[in-house]
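**Q** Sequence:
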Amino acid sequence: MTAAIQAGIPEYARPADARYPRVVRMAVDASLNHFLDLLQQRDSGRPEWRELFRAIGAGEQREGRSLDALQAATRLGARLGWRWLVDFAQAEGLPLPVLGRLAELLFGYLDQVADASAAGYAQAQAAEAGELDRRRRRLLELLLAEPAVPVETLATAAQAARWPLPARLAAVAVPATLSHTPLLPPDVLVGLERPQPCLLVPEPERLAQRRALTAGLRGVPAAVGVPVPPADAASSLRWARQALDLAERGLLPGEPVWCTEHLATLALFRDERLLAVLVGRRLAPLAGLRAGPRRLLTDTLLAWLQLDRNATDVAARLHVHPQTVRYRLRQLDTLFGPALRDPAQRLELEVALLAERAVGTR
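Quick note: the sequence shown, position 76, residue 104 per this note's numbering, numbers continuous.
What the hints contain is simulated information worked out from the structure, not anything from laboratory work. If you're wondering where the values come from, they're calculated on a predicted model, not measured in any experiment. Some clues are possibly wrong.
Said to hold, decoys possible - Quick list of the computed label-pair ranges, beta carbon to beta carbon:
hint : residue 1 : residue 2 : range
1    : ALA155    : ASP260    : 20 to 28 Å
2    : ALA236    : ALA188    : 25 to 33 Å
3    : GLY308    : ARG277    : 13 to 21 Å
4    : PRO178    : ARG107    : 55 to 63 Å
5    : VAL114    : ALA236    : 52 to 60 Å
6    : ALA236    : GLN334    : 33 to 41 Å
7    : ARG234    : GLN351    : 46 to 54 Å
8    : ARG318    : ARG166    : 41 to 49 Å
From the three backbone atoms N, C-alpha and C, an ideal C-beta is built for every residue, glycine too.
All chains, please: the whole structure from these sequences, using the hints.
**A** Given below as structure tokens:
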């Protein structure tokens, strides 16, 4: 029977492994001996035989063979056992009712063997999945550690977690409370149980990955950080958290928000207190104006700064007559004076106007 199983099922043909035929023979011998105990009406309620086949099932899972192969071996053993019983019955002249009872005992017993081995297989599979989840959570924490851990440590942890270390990854920030769990690609590292929940996405710039992530995060407020090398994942997460905060305040659009599409805004708002000082100082000449005239002048000034101080181009962007632009520019020159002719101050003016526009405090 051992030889037939090894010959009939490719997964069990292990000529290079001298130990393996002994394992198969042990399982076959245990099956036959216990079945003979049943025929002799010995105690079959002892748990040892079930534990043996649970252990065999668990071992098969750890060896990487499928449950189908294990069940196929059980079925093959049943067929061989049935042939032996038929030959024995014919040789001994056993009546058909006795043969029928033997068949009932044999196939009922093999059903129990199959159930016990399948339970052991499933238990080992669940344990492996739990261990893999633990290793992936550990890997996520290592990737987000500050200061960064050595790349060699990351590579070892990634290998243990069966997670190919990518060239680039991005962190995804999500709120602490979610209405539903995101449907994520299997290669995403998940840290939703952290105080500040996040995800780590390998190769987020791949089109297929971006589409899968966008679909999986549908309905979930989220921000995807800038792609970085794995050792810099903590930076990507910082930017993602900043973007999520700005999105929650209505300053960034998108579901999810992609940081790569809002780099200037993120840079502007990196230090909001300092930015507020810049806005207050550079736009102070406009403080005494009413909202309407102020809006016209700030729109004109920003366009003028962005369009290389070309009044004709400014008029085209704002859909007004060039003469109107020149009139507003004379007003601005009166208000700002030499600042409009100093390159450094013009840059600060543009930054202040962009920041004010983003916040919408006109």
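**Q** Take the hints in turn and mark each one as holding or not.
**A** Verification of the supplied hints:
no.: 1; hint: ALA155 x ASP260: 20 to 28 Å; verdict: violated, 34 Å
no.: 2; hint: ALA236 x ALA188: 25 to 33 Å; verdict: holds, 26 Å
no.: 3; hint: GLY308 x ARG277: 13 to 21 Å; verdict: holds, 19 Å
no.: 4; hint: PRO178 x ARG107: 55 to 63 Å; verdict: holds, 56 Å
no.: 5; hint: VAL114 x ALA236: 52 to 60 Å; verdict: holds, 56 Å
no.: 6; hint: ALA236 x GLN334: 33 to 41 Å; verdict: holds, 36 Å
no.: 7; hint: ARG234 x GLN351: 46 to 54 Å; verdict: holds, 52 Å
no.: 8; hint: ARG318 x ARG166: 41 to 49 Å; verdict: violated, 60 Å
In the structure shown, a violation is registered for the earlier hints numbered 1 and 8, in ascending order.
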